[in-house]
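Engineer: Here is what each chain is made of, one letter per residue.
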Amino acid sequence: MQCAVISNRPLTEGFFHLSLAPEEPMGAITPGQFVMIRCCDFTDPLLRRPMSVADFEPDGSRFGLIVQTAGRGTGMLSHLVEGDRLDVIGPFGQGYNVPQEAKSVMIVAGGTGVAPFMTLAPTLAAGGKNVHVLLGARTKGHLLMEERFLHAGAQVHVATEDGSKGFDGLVTELMGKQLDHMDEPPDLALACGPAGMMRAVATLAEHSNIPCQVSLENSMACGFGACLGCVAHVRGEERYVTVCRKGPVFDSREVEI
Amino acid sequence: MDISVDFSGIKLKNPVVGASGTFGYGLTYEKFFDLSLIGGFCTKGLSLQSRAGNPIPRICETPSGMLNAIGLQNVGLDKFTSKKMPKLRKIDTAVIANFFGETVEEYTELAAKLDAIDGVHGLEMNISCPNVEKGGAAFGTDIKTTEAVVKACRSVVKNKPLIVKLSPNVTDISEFARVCEASGADGLSVINTLVGMVIDITKRKPVLANGAGGLSGPAIRPVAVRMVWQCYKAVKIPIFGIGGIASARDVVEFIMAGATAVQVGTMNFVSPGIIPQLAEELPELLRRLGADSVTELVGAAHRD
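Chains E and W are the protein sequences, given in the same order.
Numbering-wise, my numbering puts 206 at position 206 of the first sequence, and it's gapless, one number per residue.
Numbering-wise, my numbering puts 99 at position 99 of the second sequence, and it's gapless, one number per residue.
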């Protein structure tokens, strides 16, 4: 599927936001689903890059991606300008599933992990849920989307590793403190970010008996269930599940992160 | 233009086939195109019992290619027969069952069972998977065991063409091609992946949990073309050319090297619609090259 680049907006150092308009209808999107992006028309880099859909229009006429320049593929994407075209397939996978009865939701995001919550957090807040968003970044200058979450009516808590803003330390340490101080624990925790962060979030949530959903980022060749490269190990079983089809969002108790 | 080919009795409506391990059991690709548009496909390698596969990470991107060590994860013969075959029988395309065992007995048991399944058009023996401890390449990189396992399977496969998928990780592939032909193989698939490795220099260890993996994609194409060339010189049975095919030009290159048909592997991951696309582009390219059929170009690069 070809998409037209509507805009390419720099965010903080090393991050940018791509806004894309599919040339044919893309279908409904659930926050947490991902698309596979082809970075170039030739064969190096070869594989598509999986990226979580960030903000999007309900009818799928436009969607955004938050990209971190990490290598040659994402470097090529960083140079896209309005009017360029991009080859995209998707959306794929299972997104976050927030049950009606969950009244308070704690979101923990690190780096580009803010992406799936850009639409989800405002939707949950608008639906009357009590939404806490915990954002982790290396420094104040690396924080993403704080304004957007504040504007959406979420309670935003920031942690920076150098202490330049908010809590001085890891976002997972901040989460531990938040859980200690809350009168009632949240009904649900949602996490997206580096594997180490999600592992720590899952451990904290499980200790407090809070159901937790994580979005796995395993290396992926195809994104649609053919390569079997992206699998996750099912906890306590000699079995793997495809992250691209059964995930990327899993209940944290289901798989090894 | 008629671009159909006959591969040892398997009627392919066009010479572009999905390669084993990149095409699931076919059905994965139904959301991208009508499977009846393609020549056929080779299933994920089947074993008697289902297999969980290797630990992760299993894949890693490389220059114009990728490494994989999936470890032959598959649903097993019974589930393939009961869950996949009823759907596949309804689709007008050639289904080639790729299979492997850990012993000669397992190979022959599977071969006999697959030979009896209605709707399976051909069998492709995998004696060349580089990513499992037992079976796979342990058979395909030794000339004596290759001979033994191909003969054993030949003796039980009565109904369907028996194709052997060769390992490129040998000194002289034509020697293996000759032994397969002499042992009764009806065709060859050339090549499986090349063994490779990528090291994570920050962790000071290989990226893949398995250590080594199989290299595939456009990076290996010249190696594969040359091996098809060697096999074509060595045997009379038809050859599937496999290795990094990404365009109609690449299809023709393999055919001129001696392939009767080709299999597309890694590029399915990048462009899931690539096989019907290549089949559609092929007639125009053949015309430009002054050819009226695929068959007349098979081995064309060998002629004076």
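Just so you know, not all the hints are guaranteed correct.
Cut-off 25 Å, straight-line C-alpha distance, at most; resulting in silico cross-link-like pairs (SDA-like, lysine to any residue) [stated by the list, open to error]:
{"no.": "1", "chain 1": "E", "residue 1": "K246", "chain 2": "W", "residue 2": "A52"}
{"no.": "2", "chain 1": "W", "residue 1": "K90", "chain 2": "W", "residue 2": "N159"}
{"no.": "3", "chain 1": "W", "residue 1": "K83", "chain 2": "E", "residue 2": "E238"}
No wet-lab data here; the hints were simulated from the structure.
Engineer: Hint by hint, say whether it matches the structure.
Structural biologist: Each hint, compared with the structure:
1. Taking the CA atoms of K246(E) and A52(W), the gap is near 16 Å; set against the 25 Å cutoff, the hint holds.
2. Pair hint K90(W) plus N159(W) holds up; C-alpha atoms about 20 Å apart against a cutoff of 25 Å.
3. The straight-line distance between the Cα atoms of K83(W) and E238(E) is roughly 22 Å, inside the 25 Å bound, and the hint therefore holds.
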